[in-house]
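*Asks:* Here's the letter readout for the chains.
2 protein chains.
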Amino acid sequence: MSKKMRLAAFVTAGPGRPGGWRYPGSVPGWLDASYYHNIARTLEDGRFDLAFFPDILSVPDRFGGSTDSQLRYGALGSLRVDPLPVMASMAAVTRHLGIAATVSTSYAQPFSVARTFASLDHLTAGRSAWNIVTSFQESEARNFNLDAQFDRSTRYERADEFLQVAAKLWDSWEDDALVLDEQAPLFADPDRVHRIDHQGQYFTVRGPLNVPRPPQGYPVLIQAGASSKGKDFAAHWSDVIFCSHASKESAQSFYTEIKERAATFGRDPDRIKILPSITPIVAPTAARAKELAAEIFELVPPLGGLSTLAYHLDVDLSTFPLDERLPEVEVPGVEGHYHEVREITERDGLTLRQLGKQYGGRTEGDFIGTAAEVADGLQEWFTDGAADGFTLQVPYQPGGFETFTRQVVPELQKRGLFRTEYEGVTLRENLGLDRPARGEWTTRAGGAA
Amino acid sequence: MSKKMRLAAFVTAGPGRPGGWRYPGSVPGWLDASYYHNIARTLEDGRFDLAFFPDILSVPDRFGGSTDSQLRYGALGSLRVDPLPVMASMAAVTRHLGIAATVSTSYAQPFSVARTFASLDHLTAGRSAWNIVTSFQESEARNFNLDAQFDRSTRYERADEFLQVAAKLWDSWEDDALVLDEQAPLFADPDRVHRIDHQGQYFTVRGPLNVPRPPQGYPVLIQAGASSKGKDFAAHWSDVIFCSHASKESAQSFYTEIKERAATFGRDPDRIKILPSITPIVAPTAARAKELAAEIFELVPPLGGLSTLAYHLDVDLSTFPLDERLPEVEVPGVEGHYHEVREITERDGLTLRQLGKQYGGRTEGDFIGTAAEVADGLQEWFTDGAADGFTLQVPYQPGGFETFTRQVVPELQKRGLFRTEYEGVTLRENLGLDRPARGEWTTRAGGAA
Numbered sequence: 044m045s046k047k048m049r050l051a052a053f054v055t056a057g058p059g060r061p062g063g064w065r066y067p068g069s070v071p072g073w074l075d076a077s078y079y080h081n082i083a084r085t086l087e088d089g090r091f092d093l094a095f096f097p098d099i100l101s102v103p104d105r106f107g108g109s110t111d112s113q114l115r116y117g118a119l120g121s122l123r124v125d126p127l128p129v130m131a132s133m134a135a136v137t138r139h140l141g142i143a144a145t146v147s148t149s150y151a152q153p154f155s156v157a158r159t160f161a162s163l164d165h166l167t168a169g170r171s172a173w174n175i176v177t178s179f180q181e182s183e184a185r186n187f188n189l190d191a192q193f194d195r196s197t198r199y200e201r202a203d204e205f206l207q208v209a210a211k212l213w214d215s216w217e218d219d220a221l222v223l224d225e226q227a228p229l230f231a232d233p234d235r236v237h238r239i240d241h242q243g244q245y246f247t248v249r250g251p252l253n254v255p256r257p258p259q260g261y262p263v264l265i266q267a268g269a270s271s272k273g274k275d276f277a278a279h280w281s282d283v284i285f286c287s288h289a290s291k292e293s294a295q296s297f298y299t300e301i302k303e304r305a306a307t308f309g310r311d312p313d314r315i316k317i318l319p320s321i322t323p324i325v326a327p328t329a330a331r332a333k334e335l336a337a338e339i340f341e342l343v344p345p346l347g348g349l350s351t352l353a354y355h356l357d358v359d360l361s362t363f364p365l366d367e368r369l370p371e372v373e374v375p376g377v378e379g380h381y382h383e384v385r386e387i388t389e390r391d392g393l394t395l396r397q398l399g400k401q402y403g404g405r406t407e408g409d410f411i412g413t414a415a416e417v418a419d420g421l422q423e424w425f426t427d428g429a430a431d432g433f434t435l436q437v438p439y440q441p442g443g444f445e446t447f448t449r450q451v452v453p454e455l456q457k458r459g460l461f462r463t464e465y466e467g468v469t470l471r472e473n474l475g476l477d478r479p480a481r482g483e484w485t486t487r488a489g490g491a492a
Numbered sequence: 044m045s046k047k048m049r050l051a052a053f054v055t056a057g058p059g060r061p062g063g064w065r066y067p068g069s070v071p072g073w074l075d076a077s078y079y080h081n082i083a084r085t086l087e088d089g090r091f092d093l094a095f096f097p098d099i100l101s102v103p104d105r106f107g108g109s110t111d112s113q114l115r116y117g118a119l120g121s122l123r124v125d126p127l128p129v130m131a132s133m134a135a136v137t138r139h140l141g142i143a144a145t146v147s148t149s150y151a152q153p154f155s156v157a158r159t160f161a162s163l164d165h166l167t168a169g170r171s172a173w174n175i176v177t178s179f180q181e182s183e184a185r186n187f188n189l190d191a192q193f194d195r196s197t198r199y200e201r202a203d204e205f206l207q208v209a210a211k212l213w214d215s216w217e218d219d220a221l222v223l224d225e226q227a228p229l230f231a232d233p234d235r236v237h238r239i240d241h242q243g244q245y246f247t248v249r250g251p252l253n254v255p256r257p258p259q260g261y262p263v264l265i266q267a268g269a270s271s272k273g274k275d276f277a278a279h280w281s282d283v284i285f286c287s288h289a290s291k292e293s294a295q296s297f298y299t300e301i302k303e304r305a306a307t308f309g310r311d312p313d314r315i316k317i318l319p320s321i322t323p324i325v326a327p328t329a330a331r332a333k334e335l336a337a338e339i340f341e342l343v344p345p346l347g348g349l350s351t352l353a354y355h356l357d358v359d360l361s362t363f364p365l366d367e368r369l370p371e372v373e374v375p376g377v378e379g380h381y382h383e384v385r386e387i388t389e390r391d392g393l394t395l396r397q398l399g400k401q402y403g404g405r406t407e408g409d410f411i412g413t414a415a416e417v418a419d420g421l422q423e424w425f426t427d428g429a430a431d432g433f434t435l436q437v438p439y440q441p442g443g444f445e446t447f448t449r450q451v452v453p454e455l456q457k458r459g460l461f462r463t464e465y466e467g468v469t470l471r472e473n474l475g476l477d478r479p480a481r482g483e484w485t486t487r488a489g490g491a492a
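These protein sequence lines map, in sequence, to chains C and R.
Using the working numbering, you'd call the opening residue of the first sequence number 44 and step up by one each time.
Using the working numbering, you'd call the opening residue of the second sequence number 44 and step up by one each time.
A portion of the hints provided could be inaccurate.
[Unchecked claim] Here are the computed distance ranges between Cβ atoms for each label pair:
(1) R:Asp75 x C:Arg458: 33 to 41 Å
(2) R:Arg138 x C:Ala330: 54 to 62 Å
(3) R:Pro312 x C:Arg235: 33 to 41 Å
(4) C:Ser196 x R:Leu189: 24 to 32 Å
(5) C:Gly482 x R:Gln422: 51 to 59 Å
Hints were generated in silico from the structure; no laboratory data involved.
In this text, a Cβ means the ideal position worked out from N, Cα and C, and glycines have one as well.
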């Protein structure tokens with residue numbers, strides 16, 4: 044089989060699942076560089092395409108308007124180290140692994156973000172990726188001079204213009220602008236470095252950037268859009284799409300829809316890699332894997348899971364009775380997570396309390412079993428048009444990455460589904476993506492907003 | 044002698060002096076992580092306190108309203124990699140070296156900056172420093188949605204409030220807030236993590252930060268204030284002051300003034316380390332050092348030096364005749380550099396063209412000679428109350444750092460003027476600075492603006 048699976052690892056620079064940090068195999072090293080270095084080496088040994096860091100700009104308080112449950116249970120976002128310096132640090136001890144950091148377009152300026160990623164792309168020799176988010180928590184807005192966040196439509200309009208400006212800045216140095224002729228002298232050719240003179244609705248930026256064009260042209264762009272606007276944005280801009288599905292069927296339908304949207308925007312659907320999230324639990328026997336899943340599940344405090352879900356949905360779940368089913372609600376947050384949660388609630392008849400535990404300990408796609416069984420499941424999604432590869436989540440860090448790398452990766456390699464050596468130098472090369480030519484942004488800009 | 048000199052190295056993440064990149068010993072590796080790793084190792088071998096990265100948020104165009112001379116001659120700011128990821132990358136290959144990055148308070152948000160430095164301080168295990176600038180170039184404002192920059196008084200008011208917010212955020216987690224009790228479970232104690240609810244003139248920030256209190260309490264704070272407002276700001280906030288003087292006498296007068304101002308603000312003057320910039324040129328004989336200085340000087344394109352000076356002074360020097368002396372001018376930019384330039388112009392009777400060459404190739408303090416002669420000069424400044432140590436600038440990178448480390452550092456160590464081993468773990472410990480207690484910001488806030 045020649046078509047290869049892509050593998051990303053979802054790494055949290057802080058506790059991930061609210062039960063994970065309680066597991067004996069978990070190491071609470073999120074504040075230490077060596078923690079990330081170890082994970083980076085493990086992933087590179089496993090020939091992963093990239094490490095993917097989510098982010099959030101506040102301690103969430105969407106459950107009861109308080110940060111208490113988030114902090115008490117170590118739920119998502121209770122502690123979150125800035126992923127950008129983590130990327131630079133991990134890159135210093137690896138040579139091939141791509142590294143993606145999440146940065147919001149709602150609370151940053153395009154000159155700064157374009158410059159940081161251009162710098163990171165040079166410093167990593169073309170291994171940087173940007174997971175673009177627009178942020179959707181009131182608590183984030185309140186850390187940035189606002190009483191309330193921008194509405195969704197404003198966020199996506201701003202994001203679209205943000206990306207246009209960033210692409211113009213990455214293009215502001217022609218690829219051969221840096222001459223370094225000591226004799227002439229000619230350091231950089233002024234005729235090949237251009238102002239961008241952007242004047243838009245949200246941003247006015249003159250340029251040029253003070254960093255030459257990135258090795259990858261643009262960093263790899265990642266998006267996780269589940270809303271209709273989000274899907275358009277993702278189909279327009281993304282090289283990689285991160286998503287979350289409770290079943291192969293819903294993953295297939297998302298996969299088909301995104302590839303079709305991309306085609307209508309004039310993009311080659313093969314140039315967008317869709318990597319659904321999985322959380323496998325692997326053990327020497329199927330029985331031991333089930334036991335392990337139960338042990339980890341047991342460690343999830345229901346309120347820790349619920350406060351994470353409240354954050355994801357952007358709905359204050361503390362206002363609903365804990366021992367009844369969650370009614371249908373309006374979800375301003377991540378629609379994909381809501382669809383997943385509804386599917387699980389209906390299927391298993393869960394009360395809100397049970398849902399909290401389930402959500403906090405969730406293992407999407409039910410990849411629980413031996414390495415061969417997990418590989419079977421991944422192979423099925425991959426060959427049945429549900430995924431171009433996967434984003435590996437683990438119930439606890441860093442052990443979950445080690446187990447998958449030592450046990451599942453060799454199984455995938457044996458079946459010819461996954462690389463045994465890195466194919467290229469840059470992340471784009473390893474992902475099988477072209478280096479965007481200067482000016483390619485013009486074919487992507489607008490329309491998505 | 045028990046009192047020890049402090050040494051910082053001024054490292055540019057891009058070309059520094061406009062002649063430096065033309066020198067055969069220069070390596071144009073500013074886009075590669077290995078370039079910074081090599082410099083970091085050299086400085087750590089030399090027991091330097093810290094590497095110090097300047098920064099600017101545009102390609103300067105202050106000479107004739109165009110970026111041409113900056114780009115053509117590789118003058119300051121023509122290319123500038125973001126120093127924050129460089130810091131993280133250098134820290135990954137060192138254990139003791141402190142690393143300072145410049146970040147402007149005029150074009151960033153305090154939540155983001157406080158979080159990035161808290162993250163870096165954890166990832167470096169307490170070796171981070173922030174060089175606080177307010178930015179003063181029109182070209183920077185134009186990359187951030189503005190037609191014109193804030194006036195100086197607004198910049199310093201904003202900077203003072205920015206620092207207050209940052210300090211509150213660093214204090215928002217009590218030192219023992221992260222509990223990590225898996226049994227309880229109690230990840231972090233909600234009673235020891237606090238909102239800051241800051242509402243000021245420039246910023247509204249709720250907090251808490253999503254990163255625990257930094258190992259150093261606050262990162263080491265560095266400032267280079269030469270204006271009266273700048274000196275007040277520096278005397279208020281700084282742990283380390285970076286400055287530039289053409290003579291021991293002017294350094295002494297600045298040193299005395301800052302220490303006195305600090306005392307009037309209720310601070311212990313010994314807790315502020317003043318490190319004037321030096322650019323020594325060292326060779327086995329005094330004659331060879333003079334020759335080397337002349338060779339390097341020869342490589343400076345006068346217009347490269349002038350466009351750098353135009354940027355530093357924030358004055359369009361293209362409007363003055365090149366073969367006459369620079370008249371007295373109003374300087375909105377760095378007053379310290381202007382005083383230095385006037386001193387040199389008068390003393391040596393230079394035309395503007397000559398001044399450009401002189402400024403581009405300048406070696407402050409005239410430390411040119413053998414290692415012993417350079418050490419004599421440093422010792423004199425140090426013992427005569429002109430400096431607590433020095434910020435080493437080099438005519439070309441990375442060779443200049445290697446020469447100083449191999450030749451001058453052992454001479455200083457032999458005389459008991461400089462450490463042979465690092466004394467502490469954190470940068471504060473090595474600099475002989477206390478770890479600020481939580482709430483210390485209240486004694487520093489206000490007043491400086």
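*Asks:* With reference to the structure, classify each hint as holding or not holding.
*Replies:* Now the hints, each set against the structure:
1. R:Asp75 x C:Arg458: 33 to 41 Å: holds, 38 Å
2. R:Arg138 x C:Ala330: 54 to 62 Å: This hint is violated: roughly 46 Å between Cβ atoms.
3. R:Pro312 x C:Arg235: 33 to 41 Å: violated, 51 Å
4. C:Ser196 x R:Leu189: 24 to 32 Å: holds, 26 Å
5. C:Gly482 x R:Gln422: 51 to 59 Å: Given a distance of about 58 Å, which is inside 51 to 59 Å, the answer is holds.
Checked against the numbered hints above, the structure breaks hints 2, 3 and satisfies the rest.
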